[in-house]
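Engineer: Throw the hints in and build the complete structure from the sequences for me.
What follows is the residue order along each chain.
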Amino acid sequence: MSTQDNGTARVIPNWESCIDCGACEVACQRTWDLPPESDRIQVVALEHGTGDETNKPMQCYNCTDAPCIDVCPTDALHYSQSDTVRVDAGMCIGCHYCGVGCPFGAPQYPDDEVPEAQEEHLMGAKSNGLMDKCTTCEPRQEEGLEPACASECPTDALLFGTPEELSEKLEEDGVSTPFNDEAAEIVFGDDADMITGE
Amino acid sequence: MAVEIAYELPYTQWNWRIGVYIAMIGIASGAYLMGYLADVRSWRLGEREHGRIAKYGYLVGLAGLAIGPPVLLSHLATPFRAMMIPLTMTNLGSWMALGAYMLMFFGLGTFIMFVWVAFGRERPHGTTTPDADEAVAADGGRDVASDGGSESGPAQAATGGDTAGGIRRVFNRIGLLGAVDTVADRTRPTETVRLGIGALFGLFAAGVLIYSAMAYGSGPTERVALWDPTFLVPVQIFGGLAAGLTVAVGLAALERGRAGRAIQQYALVAAGLLAATLVAVLATVVLLPEQVPAAEPAVDTLLSTQATLFVGGAVVAGLVVPIVLLLGGVFGQRREAISPTGTAAALVAAGALVIVGKVALALAYLLAAEFTPMPLPM
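Here the protein sequences come in this chain order: A and B.
Numbering-wise (the working numbering), the first sequence opens with residue 1 and increments by one.
Numbering-wise (the working numbering), the second sequence opens with residue 1 and increments by one.
These are calculated hints, taken from the structure and not from any lab test.
From a predicted model like this one, the values you see are computed outputs, not experimental measurements.
Don't be surprised by glycine CBs; every beta carbon is placed ideally from N, CA and C.
A portion of the hints provided could be inaccurate.
Chain A is nowhere near these chain B residues, computed Cβ spacing over 12 Å in every case [stated by the list, open to error]: (1) 40; (2) 96; (3) 301; (4) 352.
If you want the footprint, here are the derived chain B segments under chain A, 3+ residues with CB under 8 Å [to be verified]: (5) 66-78; (6) 255-266.
Structural biologist: See the structure below:
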């Protein structure tokens, strides 16, 4: 399980195991009572329109060198105490700059209108056109639970842990890393070598 | 095998509002900078027609700011929160935060410079300064525009015909002209100091002009290849200066109903800047795919799906035709092939077309953009 001492805990995909069932999306929305159009995790198409088209889960990887934090004009995006990327709904202006900056397309801006009290929810923006993203289910982690998506994935296609733990899981499963060198550097920083196996 | 995620095509983060915003702040900042240069020339040469370009440059700056930022705010989820700039725009490493501050100071400077130039009985370029081609005015030497706008009769008719005069007339009707004239006269410093202040605000205008390119920016990872700063910055700088000056020239020609020698000179400069913009745009189309292969699909889109907007609106209507109108109008009048009124009409048409072209170019750059996600092995 995650510990700050051993590095930031993240959810990453084991794409070879994904069967495109959508259970991760449902688990996320149900756990956090999100509006239907909210996609803190979403199954996306790869090689769209080709014979090799396939669908895989994507969400915020809480990058070590997060481009979204660099470009956010209001500092609404910041690192939490556990070094994950968090958005302050009370500071976000919905400018989409983070959406332009993120190399993974993780930020989303659900338009559903929700009462102000819900908009100011501690765990993200949720709605009203403000930026929203995966929170790695920090409250669940505090209870010793994995994030909802990883917990409910029937095929273990979502791996959760510190870089060292993720490296061990990838090795156990005998699968390759889902990140190339550039992406691993952005996401894991100095720990990138653990994931890329170099 | 490395693959690309194809779930964000076409690029959907921003819509037409961002295009209008970027076009308007580009025109506004370009108009201010060229207007300021005309202001300095008017001061050095003592010719009022240069001052007209300055006045309309500042006015176009104000108009661009009156349109662009409100359109941007309408795009935001929380516009009122965004308007509290000193409280919200705290990340000065972000171009959007930098742009917000530069726009704020640029807006203040444009307003001040316009008020000082357009209002007051002792306003520069509006009293005793002669036109270069009118050494002796129609009334025997007294400038009919020197009325300050508050008198009746021929003098008022003279000032009521220009745009600033139109604004003066509006202020006169609501009974504020005298007060604003007084404020302008009492706050206006000496010409040297005024131009120094104008230069200071010019730095913010230059910053906004650069920001009009970087506002597209996709952050440190630059995942939108079409917006490569190496190619985009020249397009936006030349485009903003060209559009701003062309609109100012068009308004000056509209005011006078003809183009004097100075206005013709500015028209030629505007044509040169438009030509430079055209070269920068063509360089983007030809060289960007070679330098940045990821941009090839977006450039193809510019020339196919978005061809009407890009080729028809931005390049032909917004650059080529205005160049022809500016050059044709000026040289046509000099060779007496076109009447002064015809030349003025050509310059006014060029001014209108560059606005259309600038907006079309900004929209084309948005609509053709493709998000290039981080390639991921699988």
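Engineer: Please name the hints from earlier in the document that this structure breaks, with their numbers sorted from lowest to highest.
Structural biologist: 2, 6
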